[in-house]
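There are 4 protein chains.
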Amino acid sequence: MTDFVPTPTLPAPDIVRCAYMEIVVTDLARSREFYVGVLGLHVTEEDESTIYLRSLEEFIHHNLVLRQGPVAAVAAFAYRVKSPAEVDAAEAYYKELGCRTERRTEGFTKGIGDSVRVEDPLGFPYEFFYETEHVERLTQRYDLYSAGELVRLDHFNQVTPDVPRGRKYLEDLGFRVSEDIQDSNGVTYAAWLHRKQTVHDTALTGGDGPRMHHVAFATHEKHNIIQICDKMGALRISDRIERGPGRHGVSNAFYLYILDPDGHRIEIYTQDYYTGDPDNPTVTWDVHDNQRRDWWGNPVVPSWYTEASLVLDLDGNPQPVIARTDASEMAVTVGADGFSYTRQPGGEDKGFKVGAQL
Amino acid sequence: MTDFVPTPTLPAPDIVRCAYMEIVVTDLARSREFYVGVLGLHVTEEDESTIYLRSLEEFIHHNLVLRQGPVAAVAAFAYRVKSPAEVDAAEAYYKELGCRTERRTEGFTKGIGDSVRVEDPLGFPYEFFYETEHVERLTQRYDLYSAGELVRLDHFNQVTPDVPRGRKYLEDLGFRVSEDIQDSNGVTYAAWLHRKQTVHDTALTGGDGPRMHHVAFATHEKHNIIQICDKMGALRISDRIERGPGRHGVSNAFYLYILDPDGHRIEIYTQDYYTGDPDNPTVTWDVHDNQRRDWWGNPVVPSWYTEASLVLDLDGNPQPVIARTDASEMAVTVGADGFSYTRQPGGEDKGFKVGAQL
Amino acid sequence: MTDFVPTPTLPAPDIVRCAYMEIVVTDLARSREFYVGVLGLHVTEEDESTIYLRSLEEFIHHNLVLRQGPVAAVAAFAYRVKSPAEVDAAEAYYKELGCRTERRTEGFTKGIGDSVRVEDPLGFPYEFFYETEHVERLTQRYDLYSAGELVRLDHFNQVTPDVPRGRKYLEDLGFRVSEDIQDSNGVTYAAWLHRKQTVHDTALTGGDGPRMHHVAFATHEKHNIIQICDKMGALRISDRIERGPGRHGVSNAFYLYILDPDGHRIEIYTQDYYTGDPDNPTVTWDVHDNQRRDWWGNPVVPSWYTEASLVLDLDGNPQPVIARTDASEMAVTVGADGFSYTRQPGGEDKGFKVGAQL
Amino acid sequence: MTDFVPTPTLPAPDIVRCAYMEIVVTDLARSREFYVGVLGLHVTEEDESTIYLRSLEEFIHHNLVLRQGPVAAVAAFAYRVKSPAEVDAAEAYYKELGCRTERRTEGFTKGIGDSVRVEDPLGFPYEFFYETEHVERLTQRYDLYSAGELVRLDHFNQVTPDVPRGRKYLEDLGFRVSEDIQDSNGVTYAAWLHRKQTVHDTALTGGDGPRMHHVAFATHEKHNIIQICDKMGALRISDRIERGPGRHGVSNAFYLYILDPDGHRIEIYTQDYYTGDPDNPTVTWDVHDNQRRDWWGNPVVPSWYTEASLVLDLDGNPQPVIARTDASEMAVTVGADGFSYTRQPGGEDKGFKVGAQL
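Protein chains in written order, with full-length UniProt numbering: chain A, 1 to 358; chain B, 1 to 358; chain C, 1 to 358; chain D, 1 to 358.
Take every hint as true, because none was put in to throw you off.
Same chains, same names: a pair is fine if it fits in one copy or spans any two.
With a straight-line cut-off of 20 Å between C-alpha atoms, the simulated SDA-like cross-links for lysine to any residue are:
(1) K82 x T282
(2) K82 x T105
(3) K82 x D279
(4) K82 x P281
(5) K110 x D279
To be clear, the hints were calculated from the coordinates, so they are not data collected in a lab.
Make the full structure from the sequences, and use the hints.
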């Protein structure tokens with residue numbers, strides 16, 4: 001069922017971590033108010049069309065670029081590689097895969113040097129770079145530390161119709177799977193993949209794609225995330241809190257999903273676990289386990305499964321969205337499906353969430 | 001529309017605070033596992049039919065009595081009064097109101113002395129006592145401090161069909177209203193009333209009653225509440241997490257609602273505010289304000305509005321439940337009612353919660 | 001040994017709580033930077049000579065008044081009473097005690113109405129008022145909530161040479177002792193006294209007085225206090241962190257002591273316990289118990305015992321300071337006194353703090 | 001001044017992370033009470049002479065081995081390498097350095113396979129292994145989660161007389177320096193070195209050595225560390241709290257140092273920062289900066305500089321301790337040295353900690 005993914009013969013570029021995302025927003029001032037005014041990201045520099053933002057503990061130029069444009073979309077998922085030579089490796093690697101690539105020695109965004117962007121086999125705009133301007137790392141600037149401070153870019157999350165195909169592509173690229181969601185029929189609904197020593201640098205969510213599901217920033221503690229909710233309540237934009245806060249089953253992180261003014265989804269995330277050992281155990285969750293997405297069994301809202309952001313090709317046009325043909329996680333789990341459970345079936349009765357009997 | 005409540009001529013008893021609840025459970029061992037094993041309440045003493053529990057910082061004998069019985073119900077909402085003489089005052093006060101009363105100088109539960117129990121005008125079994133055995137206050141027993149430690153009994157919550165009638169009764173009894181929920185037609189949906197210097201010792205929730213909506217215990221910090229959720233997930237009883245965690249609009253407290261094995265609802269609660277000044281401002285919320293029940297706009301599950309525990313009369317028989325005839329909060333707010341809002345109507349568009357568009 | 005304190009025949013005024021302190025600062029702009037810029041107190045109003053500040057959850061006009069003046073000192077310890085008539089009661093009460101009083105129906109500070117100030121028997125400038133302007137209670141203004149947010153005025157602390165004398169005076173005035181520190185010779189070193197349902201509204205610390213030891217503000221959680229330390233580090237004013245953070249033995253609160261630009265001491269404080277029952281147990285600590293002042297046994301720095309702020313008489317002149325003649329807590333506990341212990345003497349060996357063997 | 005360290009020609013073994021420490025304790029039952037009873041480490045297995053402990057999120061067999069023996073000391077600092085072949089690489093590497101090595105294919109401790117132990121050029125017993133038994137990772141066992149839960153082994157800290165020499169040796173071995181402390185005369189007082197993507201896997205503290213300064217475990221949040229202090233207070237062993245809690249300048253972590261029954265020092269540590277980028281900026285601190293060791297300027301107790309644990313050679317005998325000849329950090333910073341500062345000298349006056357004017 002998985003489409004053909006050519007197996008590369010060239011070595012994959014040595015990726016360090018997810019480093020920044022470039023997103024197109026339709027009203028830059030309104031987006032600035034959200035990312036700077038509400039979320040407190042720090043402005044490295046800005047001009048009339050573009051804002052470069054970073055989290056507190058970042059020392060590279062930016063983790064997020066907001067660019068004014070006509071259609072809300074994602075222009076790049078950018079990864080840092082281990083050395084300048086790895087940018088060459090990335091370019092060669094994708095060329096061998098038959099992908100369109102574009103190399104810019106001066107970089108695609110300010111503060112970033114020699115880079116290559118590609119339209120990857122799943123249709124996503126990936127970027128690889130090493131050179132970057134170092135900026136002040138604000139780690140101990142507690143005079144700037146807000147109650148809901150975002151301290152690191154944690155990960156990307158991508159929607160793709162064929163998760164096993166995407167997983168093979170990312171494993172070839174050097175990512176390792178930390179967790180996934182499957183069913184007993186062998187359908188894979190989602191997978192989490194990492195380069196740095198956390199649960200993920202990116203994840204694949206099964207659905208119509210290529211689309212961007214969310215980009216995630218980390219806080220130090222759980223109360224920082226609660227403050228973000230409280231502040232959105234105070235600003236009377238609680239309708240932009242989409243899901244959470246809660247504890248993920250997958251990753252064990254404490255989480256929150258919110259929506260920016262264009263509907264781009266942001267996750268706020270804290271306290272997953274170390275994955276740096278070569279034999280780090282992979283965790284597989286049953287799609288019918290009510291605690292996989294939320295450890296407390298709180299239901300996933302339908303929009304979380306259906307909504308996502310368009311992604312752009314290298315000309316800046318939205319990539320067409322291909323429908324998922326495998327079973328959808330929402331279809332098999334939301335509502336009284338009769339199969340989801342809180343406790344393992346057999347032995348004990350299945351438990352259903354009392355509050356969810358709509 | 002409010003039924004007649006006689007205005008007492010005798011002085012009301014001087015109530016200090018809500019002190020304990022006595023509940024009937026149908027399987028004492030199973031309830032012990034929940035209250036002691038899961039929630040970590042401390043056993044003051046126990047025998048074959050009864051368990052006396054207290055929170056960490058309590059110095060009176062108990063805050064919760066679990067008694068084995070045939071029907072899950074509440075046997076008493078017990079308040080502590082300021083002196084022994086106030087028990088006499090309570091007895092006289094309710095006799096004048098025409099209520100059935102029962103006085104026991106040896107107390108109705110262990111560790112409590114001279115007490116009076118009454119069937120109050122709303123049909124609830126109220127108890128008033130002063131005398132109690134002092135026990136070790138465990139405040140600094142950090143060797144016993146669990147990650148989700150409950151430190152104080154905070155309040156009761158009662159379901160009654162006619163909230164204004166109940167409110168008049170409790171105000172006559174010396175309670176003061178800190179917050180309430182109304183609509184523009186003058187319907188009152190709920191009211192919060194206090195004696196001690198917090199938002200409430202008890203609250204009235206409009207609905208079929210008399211029934212007990214919940215009893216609430218306080219933690220020190222928000223992470224303690226999150227741990228209770230995490231632990232219930234680990235024990236695979238997340239289906240007993242009914243609602244939350246979240247931030248209340250009313251009271252501003254961080255909250256969680258869980259269900260014991262008999263379906264008695266427990267709230268875990270932290271960080272409301274000081275109400276001890278005589279002119280403490282009363283806060284009135286519009287029933288259509290999406291943030292009144294949850295400051296983040298997360299929806300209230302229907303069961304939270306419809307389910308509650310029976311209460312017993314002084315013979316131990318369940319009180320009959322009278323239906324609410326005023327508009328129900330659930331009916332006017334859950335689902336696409338077209339009237340609820342996140343931002344004040346006018347000026348800005350109403351906002352609806354994206355995830356709630358079922 | 002205790003000086004004569006006349007026993008009043010008139011009823012004491014019914015005090016609700018400590019409400020605000022007026023302090024004289026020598027450089028108003030520098031003090032504003034500290035209280036507003038560093039600590040984030042909220043400005044109710046200000047003019048060239050005076051700034052009126054309040055904590056997040058306050059609804060009366062202010063909790064702290066900074067007034068420019070030539071000598072750093074405290075002009076008033078102000079208590080709120082239960083009704084306008086209680087201001088009359090206070091005036092009569094102190095007149096009977098032979099104290100100088102001054103009544104101003106327009107108030108001594110903006111936003112406060114009819115008040116009386118007195119030079120009390122211990123030499124402190126006490127104020128009593130009921131009338132006050134209500135201002136916006138910022139409880140749910142999480143858009144203003146800083147990472148180290150101060151949410152309530154918690155208590156005062158006063159230095160006085162004769163603690164038992166001061167205690168009798170305050171008990172006559174209606175305060176109740178929650179905790180104290182004594183030795184086996186009957187010397188009292190300190191006492192904590194409350195009106196509201198916390199451990200104290202004011203405390204007496206034995207030493208040369210009358211002087212103001214500190215004024216304390218509460219945070220919601222412990223991490224808020226840690227953030228204040230972190231921010232003072234970032235601003236390179238860590239030398240104004242005098243003691244802590246730590247856990248008090250007395251009161252069980254998590255604490256921090258910092259110094260304002262004039263050396264006025266501020267405590268940041270969170271999570272003591274409920275004291276509202278009439279028979280709330282009084283806790284007496286042995287002065288030789290190493291954990292009484294800091295539950296973790298961290299030493300009290302000498303300046304904490306010796307330094308304090310002058311207080312003014314009703315003409316605005318500093319009150320003369322009378323030396324303590326009883327044993328001083330510092331003398332009997334700091335350094336290798338040979339009597340202080342971590343564990344109860346007898347049975348087990350005494351324990352000494354390893355890091356403290358200077 | 002730095003002793004000769006031969007530059008290896010063979011490739012260094014590819015180290016993943018610090019993995020476990022084996023320590024000799026003189027009373028196993030008493031140590032068990034401390035590590036299991038007080039700190040809550042989880043027992044993987046135990047017998048009459050040895051206890052194998054792990055932190056909550058660990059999946060390898062153990063992070064700490066307690067072995068009964070006659071002299072309190074450290075038997076091994078064990079690192080995990082990336083593959084079985086890297087154990088061979090380690091053995092060859094140290095042989096080339098002229099170090100004594102011992103290879104055991106069955107491992108030196110239970111649950112660990114093929115390993116090599118060496119007496120390294122600094123005199124420390126280092127171990128390298130890949131093979132290990134996987135055990136249950138307790139990450140989501142919140143039913144076992146204590147209020148002061150230790151979730152990861154974070155790092156080792158070693159005392160050595162010549163820090164630059166030790167640094168060269170560890171950099172040759174593939175470690176990277178994240179931070180160090182120097183003075184303007186070129187003396188290095190301490191250095192922090194990492195393999196995994198945190199501030200360190202081990203650190204070098206200048207002093208008489210080889211000795212073990214401490215082993216550190218991480219918690220999720222700061223309140224977990226405060227709970228450990230509170231619990232030690234409740235158990236009346238606060239005299240085993242040596243230093244802290246506080247915020248480190250170096251590493252930015254929140255920390256606590258405590259002493260086990262043999263005087264082995266344990267650090268509890270949380271929230272340093274990501275160091276995984278190849279050009280992660282190195283931070284150098286001035287030894288006279290009062291905030292380098294504690295960001296809040298709280299003084300380092302002398303014992304922290306002078307006390308440390310012996311280490312064993314491969315025969316199990318304590319290594320002789322060589323005195324440091326460079327200036328000692330304690331000598332140049334503790335007491336009224338006249339050179340340490342809170343703010344950068346020049347421009348502003350130096351600030352001294354008020355409470356520290358002993």
